[in-house]
Amino acid sequence: QFYQACKTGIMDRALSIYFLLGWLGGDLLNLIGSFLAHQLPLQVYTAVYYVLADLVMLSLYGYYKVKNQGGGFATPINIAFVFLSLGMVSTLSLLGRGAVAVQEPARFKGRSLLSTSRDELGPKPFSRSEIIGFTIGSVSSVLYLCSRVPQIYTNYKRKSTVGVSYSLFALVMLGNLLYGLSVLLKNPEPGQGEGDYILRHLPWLVGSLGVLSLDVVISFQFLAYWRGRASGTHEERDALLGQPGDS
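So in this note's numbering, spot 208 of the sequence shown is number 208, and the numbers just go up one at a time.
There's no promise every hint is true.
[As the list claims (entries may be wrong)] Dumping the calculated DSBU-like pairs for lysine-lysine here, alpha-carbon to alpha-carbon at most 30 Å: (1) Lys65 - Lys157; (2) Lys7 - Lys157; (3) Lys159 - Lys67; (4) Lys7 - Lys65; (5) Lys159 - Lys65; (6) Lys67 - Lys157; (7) Lys159 - Lys7; (8) Lys67 - Lys7.
What the hints contain is simulated information worked out from the structure, not anything from laboratory work.
As the structure is a prediction and not an experimental result, all values here were calculated from the model.
Please model the complete structure; the sequences and the hints are all you need to start from.
Spelled out as structure tokens, the structure:
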């Protein structure tokens, strides 16, 4: 998506700002909730990366929004964007190290098909921090689901997906699928029932596997609007800049 934004120069029209803000909000709450609810280390690592990527994408959106409307301020905008990007990368790298350092190392144990059920042991009560983390994770899942709706509407309104990288959504779909499977295929901790294990990871499973269905809708939009991609880039860019297209 970063490459597509630089290539077309119309990221501020191709992506919905509500999609980006919803995605960032979901990732931030996902990071906080994963940490408080003692989720798998993989979930914390990926959450830190997602927040970093979201901030860079929002910066690109703001960059092209100002650049396409700012007239002759391209050079100062370019300089400001470079310093802002470097600052965000440095800050989140330090925060990511701190978050990861407090996570206890955990071994991944694949789910055994012949293992006996431990549900009769009863669910382990939630701690206070786990309840807060579970609640935050649930809100994160709702933001993930709601963030796709503005982008679906933006694509429908434009009747085009020019400026949006399908690789972004294809990799997100693959990542969410594998992410959900990795949680489902891990064996519960000793003494923990499978029902209790699923319940404690439910918000993150809904957030990953639920968003997958909405990304399939966006994939169909790419197929439906594919014919207009070749000519759409120049037309939208000329209309955005107020310049007549070349004949």
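Those earlier numbered hints the structure runs against, lowest number first: Checked against the structure, no hint fails, so every one of them is satisfied.
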